[in-house]
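Undergrad: In case you want the letters, here they are:
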Amino acid sequence: KAGVTQTPRYLIKTRGQQVTLSCSPISGHRSVSWYQQTPGQGLQFLFEYFSETQRNKGNFPGRFSGRQFSNSRSEMNVSTLELGDSALYLCASSLVPGAHNEQFFGPGTRLTVL
Amino acid sequence: AQSVTQLDSQVPVFEEAPVELRCNYSSSVSVYLFWYVQYPNQGLQLLLKYLSGSTLVKGINGFEAEFNKSQTSFHLRKPSVHISDTAEYFCAVSEETSGSRLTFGEGTQLTVNP
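Chains as they are written, first to last, in this note's numbering: chain A, 1 to 114; chain B, 1001 to 1114.
Same shape as in the complex, but just chain A (with noise of 0.2 Å):
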């Protein structure tokens, strides 16, 4: 069985632009997380999404967003990059949600903001 899926893997954008970050989870797995990684903060939790609504939402501005599609598979938007958005986004799936399932995570898109 294929594991989490992330595209792209890599990702450069100038200050102000928007970015768009994809993940395919399990087959199978329908609920779906967002983690933030710097090397200042730390792992930090974005957003959760199950059955194409938002049932989660970490502590971060408005211009982090997300969305979740009928096939489980969820992308997640920035817009009007800011430097400090430079991280690794980490996304990770599990089969429904719930605080004892396990997630399985997927090998992050390293977005670099300049």
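Hint data in this document are derived by calculation from the structure and do not stem from the laboratory. Incorrect hints may appear among the rest.
Claimed, not checked - List time: in silico SDA-like cross-link candidates among lysine to any residue, alpha-carbon distance up to 25 Å:
id	chain 1	residue 1	chain 2	residue 2
1	A	LYS13	A	SER86
2	A	LYS57	B	GLU1096
3	A	LYS57	A	GLN18
4	B	LYS1049	A	LEU95
5	B	LYS1049	A	THR5
6	A	LYS57	B	LYS1069
7	A	LYS57	B	SER1054
8	B	LYS1049	A	GLY28
9	B	LYS1049	A	ALA2
10	B	LYS1049	A	SER86
11	B	LYS1049	B	PRO1114
12	B	LYS1069	B	TYR1025
13	B	LYS1069	B	SER1054
14	B	LYS1049	A	GLN44
Here the structure of chain A is known, so what remains is to put chain B in place on it, guided by the hints.
TA: Chain B in isolation, oriented as in the chain A frame:
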């Protein structure tokens, strides 16, 4: 709100030596506990998890962890490390009321030297 503290940011050890990576958490409700490993330029891989039951949890690659409710700790151990164990290790906690949301510690870089 829950929080996680990993007490050591870097742990250098020699090959075949034992190692313990320390993790403390705080939460006002019951939690589930996880240890993840991240190799360079990769996503996170689950090593082990504590959901309930026996406080000693065995995971992959010879790792184990012990849940201590009175000390709110979940330390990770391995009796004999290999060069290939060199990686960053993250302790994480989730709460029943927070869905799939994971709160991570700052990470511990384990470096195994020959």
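Undergrad: Look at each hint and say if it fits the structure.
TA: Okay, the hints, checked on the actual structure:
1. A:LYS13 - A:SER86: holds, 9 Å
2. A:LYS57 - B:GLU1096: holds, 15 Å
3. A:LYS57 - A:GLN18: Holds - the C-alpha atoms of A:GLN18 and A:LYS57 are around 20 Å apart, at most 25 Å.
4. B:LYS1049 - A:LEU95: Satisfied, since the Cα-Cα distance of roughly 17 Å is no more than 25 Å.
5. B:LYS1049 - A:THR5: Cα-Cα ~23 Å, so holds.
6. A:LYS57 - B:LYS1069: violated, 28 Å
7. A:LYS57 - B:SER1054: violated, 32 Å
8. B:LYS1049 - A:GLY28: It holds: about 22 Å lies between the C-alpha atoms, which stays within 25 Å.
9. B:LYS1049 - A:ALA2: Satisfied, since the Cα-Cα distance of roughly 22 Å is no more than 25 Å.
10. B:LYS1049 - A:SER86: violated, 30 Å
11. B:LYS1049 - B:PRO1114: Violated, at about 29 Å.
12. B:LYS1069 - B:TYR1025: Within the cut-off at roughly 10 Å; holds.
13. B:LYS1069 - B:SER1054: Distance ~12 Å between B:LYS1069 and B:SER1054 Cα, so the pair holds.
14. B:LYS1049 - A:GLN44: Within the cut-off at roughly 19 Å; holds.
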